[in-house]
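The whole structure should be built from the sequences, with the hints applied where relevant.
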Amino acid sequence: MIFALLLFFQSLSEQGARAMKENRFTDAERIYRQLVKEEPNEPRLRMNLGLALFSAAKYPEASIEFEKFLKAVPAPGPGHFMLGVSRLKLRKPCEAISALESARKWQASSQVVLELGDAYFGCKRYAQAAAAFEALGDTPKGLQGAGLSYARLGKQQEASDAFAKLEKLPPSAELHELLAEVRTLENRHGDAVKELEEAVRLAPKDERLRRLYARALWRAGQYEEARKVYASLVARWSNDPEFNYEYGDTLVRIEGVEAGLPLLEKAVKAAPELIAARGALGKALLQIGRTKESIPHLDAAAQQDATVLLPLSRAYKAIGRLQEAARIEAEYKQRVSESQN
Amino acid sequence: MNADARRFLGWFFCFATVPWEMRPLPFTLLNGETAKKQLPASVPGGFAVFDYDNDGKLDLFFPNGAGSHALLRNKGELQFEDVTERAGLHESEFAFGATAGDFDKDGFVDLVVSGLKRVLLYRNRGDGTFDRLDAIDNHGRWSVASSWVDIENDGDLDLFVVNYVDWRPEKERECLVNGKPDFCHPRFYGPTPNALFRNDGGGKFIDISDSSGISKHRGKGMSAATADFNGDGLTDIFVTNDRSFAFYFRNLGAGRFEEAAFDVGIAAPEDGKPVSGMGVDAQDFDNDGRPDIVYTALRDETFPLYRNTGQGFAEVTSASRMSVLSRSMSGWGAAFADVDNDGWKDIVAARSDALSPTGGRGSAAMEPPSWFRNSRKGSFTAGTGWDALPRAMYRGVVAADFDEDGCVDFVFTALNTAAQILRNPCESTGNWLKVDARVPGTRVRVGQQWRYVTTSTGYASSYLGPLHFGVGSAKEIEVEVFLPGDVVRKMVTPTNRTIKIEP
Chain A
1 MIFALLLFFQ SLSEQGARAM KENRFTDAER IYRQLVKEEP NEPRLRMNLG LALFSAAKYP
61 EASIEFEKFL KAVPAPGPGH FMLGVSRLKL RKPCEAISAL ESARKWQASS QVVLELGDAY
121 FGCKRYAQAA AAFEALGDTP KGLQGAGLSY ARLGKQQEAS DAFAKLEKLP PSAELHELLA
181 EVRTLENRHG DAVKELEEAV RLAPKDERLR RLYARALWRA GQYEEARKVY ASLVARWSND
241 PEFNYEYGDT LVRIEGVEAG LPLLEKAVKA APELIAARGA LGKALLQIGR TKESIPHLDA
301 AAQQDATVLL PLSRAYKAIG RLQEAARIEA EYKQRVSESQ N
Chain B
1001 MNADARRFLG WFFCFATVPW EMRPLPFTLL NGETAKKQLP ASVPGGFAVF DYDNDGKLDL
1061 FFPNGAGSHA LLRNKGELQF EDVTERAGLH ESEFAFGATA GDFDKDGFVD LVVSGLKRVL
1121 LYRNRGDGTF DRLDAIDNHG RWSVASSWVD IENDGDLDLF VVNYVDWRPE KERECLVNGK
1181 PDFCHPRFYG PTPNALFRND GGGKFIDISD SSGISKHRGK GMSAATADFN GDGLTDIFVT
1241 NDRSFAFYFR NLGAGRFEEA AFDVGIAAPE DGKPVSGMGV DAQDFDNDGR PDIVYTALRD
1301 ETFPLYRNTG QGFAEVTSAS RMSVLSRSMS GWGAAFADVD NDGWKDIVAA RSDALSPTGG
1361 RGSAAMEPPS WFRNSRKGSF TAGTGWDALP RAMYRGVVAA DFDEDGCVDF VFTALNTAAQ
1421 ILRNPCESTG NWLKVDARVP GTRVRVGQQW RYVTTSTGYA SSYLGPLHFG VGSAKEIEVE
1481 VFLPGDVVRK MVTPTNRTIK IEP
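Protein chains in written order, with my numbering: chain A, 1 to 341; chain B, 1001 to 1503.
Don't take each hint at face value.
As a list, the in silico DSBU-like pairs of lysine-lysine whose alpha-carbon atoms are at most 30 Å apart [claimed, not checked]:
#1 K1075/B / K124/A
#2 K124/A / K1273/B
#3 K194/A / K1180/B
#4 K141/A / K1180/B
#5 K1057/B / K1036/B
#6 K205/A / K155/A
Derived by calculation from the structure, the hints in this document are not laboratory data.
Below, the structure written as structure tokens:
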């Protein structure tokens, strides 16, 4: 009986490993969940489940599994690294720092230090970020991160020196991608487009780069060009909420609401936490007279973007809720006026 | 050539397409741009179209930035001669806009020029020369545009002055766009109040900016459109502001105004993002008898279009497809004009970026002019025939039938290049009628169409001449003219002619 059970576990475990190797992450998740259910006190199974969830881009659930693993195995190790990276993916850089510092104690590899630099940078702890990126030496990512950190610290000379070194590195798709990031953070969206054009030229089969190129075009307001690139990427990214938001927004702008609405709806359905998409969807619905449906989306987006308050106010006015309309309009005037001056 | 003749000749030349033709005028708009990219260099470009010598032909006055103003006399057949010196207008004052209006009611049209440091008033002496009067004290503010408007219906033209930002050369900052020096964003400059001067006759203007309520509101004004928007018999004023809420000054009578842009739904476009409001025109594009509004803005902001509902304004930028058509454009001058004489007013835009062609966007800052065809069902399509027009830093545009063939032509200014006249090939077979009623505030109905006599149009520009109506196939048509003071003239007239309405 025990032997049969062992065989069963071994077989499942092998199936899980095979699924991971073959990028069948949903299968791997199912298998490891079953294994964890059978053996809840085996931390390595939690780690494997976490890895399957992380690979399937299910970062909130992955984080939980890594946390459970670390509760059982608290010594610095790969669990800390995975937890830190998951939190970075969840855009919680400040919460990623302690996990990544523990990971550095386990292994001060360039990958760990790079993620730690990103965490410090995202948490606006630019001095620590600069130190982490400096530790990476004259690598593209090290120079880019150090330059951006020094720029945020107001150390313009150090920032310029780092960027100058970065620009002199041998051309590569990675280099142009990093330079595009710098241009984007400087609000030089047109220049970001040029860098990514070059990156795509050097790595024409890299769809991730083409995705970044489409986003750069969208940010730069080059909607016609963006539409072409987005259209070429639909097969791979059609389930990505951010992709659908950006592509949908592009279509709304150049073809009208009807063209982009299905994509915006799909984006919001898959990721209601994507606030910018909800704002775009709310505005689109309002434009075509679906006023009541627009209100919850505009309401959600208004927390982040004051300009959404005006269409929200108009929506309330249109359905006869005049007091709310007046209150929101007053808030809009105040918040937008403050941002203008 | 009248419409019947054109139709007849069309049988012989049915496969030939006459292109739109641009001809240079003897005036170059200089902006004095230097490597420092000081903001005033970005803003010139308005001008005035009017008949200064009452010879029945429309002349041109161009204020200049870093050069002398110019008065070009229309000799007919699209020939213009420079009469600036003779007219006493050869002055160099960094200026942006001009507005024509007969403020002293002597039958000769006068001029006001909006400048960086002051507002200049030129009185037309009637002998081909102008006197400069020191009658307008704008407190040293930077004025871009103005409008002559009879605010109290007393028969005197008062002056509304559009002021831009609080700019001081010693405080000018250096800005980078895409890593290159360029003009700074307007957020770096403080807002200023507009001004209103009451015409008390005898060349006296009283500053009533405070008592009228106008100066309570500080903005970054670029242009103004005037009309009786709410139908109460008093002329209201709409002002575009650069990257801030637009103003709608509702005329309360007795020289008082209230700012009501939010009340009437025109303070900001529908997505809530205040845009760089530039040139503006107010005319009735949907033939419902109420003046609508279109204004230009910069790339990715679209050119907002508002339909006057009688209870306020409904934004139709998206519904009319103007949002899709203008999304990639940056515009300055704007005009409602019936390009193809089909009886529906189209929209014309003078285009270019606010940035420098030697700055962050490079030559992409230069754009061609565009027109948008009114498809009669509340929507617009891209106008045809202008694809080959050159790119430039276009600023002002005014529509007028300069060659008297019944079709509107266009004059454009562009930075650091000769002003251009774009001759309408007049291939449309539509008939036309022009109504010459030059009293601001007059409303004219021709069939189902309406036009309003105003002195300001587009970007910092002015037109005071016959109102043009395309009338399609109509051979005669009913005309009704509503002069200020409830004087109504009604008649039925044959088309393809100009009728003059005496006040």
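Against the structure, the hints:
Note on K1075/B and K124/A: the hinted pairing is violated, with a Cα-Cα distance of about 68 Å set against a maximum of 30 Å. Restraint check for K124/A and K1273/B: satisfied, since their Cα atoms lie roughly 28 Å apart, inside the 30 Å limit. Note on K194/A and K1180/B: the hinted pairing holds, with a Cα-Cα distance of about 15 Å set against a maximum of 30 Å. At roughly 25 Å between alpha-carbon atoms, K141/A and K1180/B fall within 30 Å of each other, so this suggested pair holds.
Proximity of K1057/B to K1036/B is assessed by CA-CA distance (about 41 Å); at most 30 Å being required, the pair is judged violated. For a cut-off of 30 Å, the pair hint linking K205/A to K155/A is broken: about 38 Å separates their Cα positions.
Hint compliance for this structure: hints 1, 5, 6 are not met, and every other hint is.
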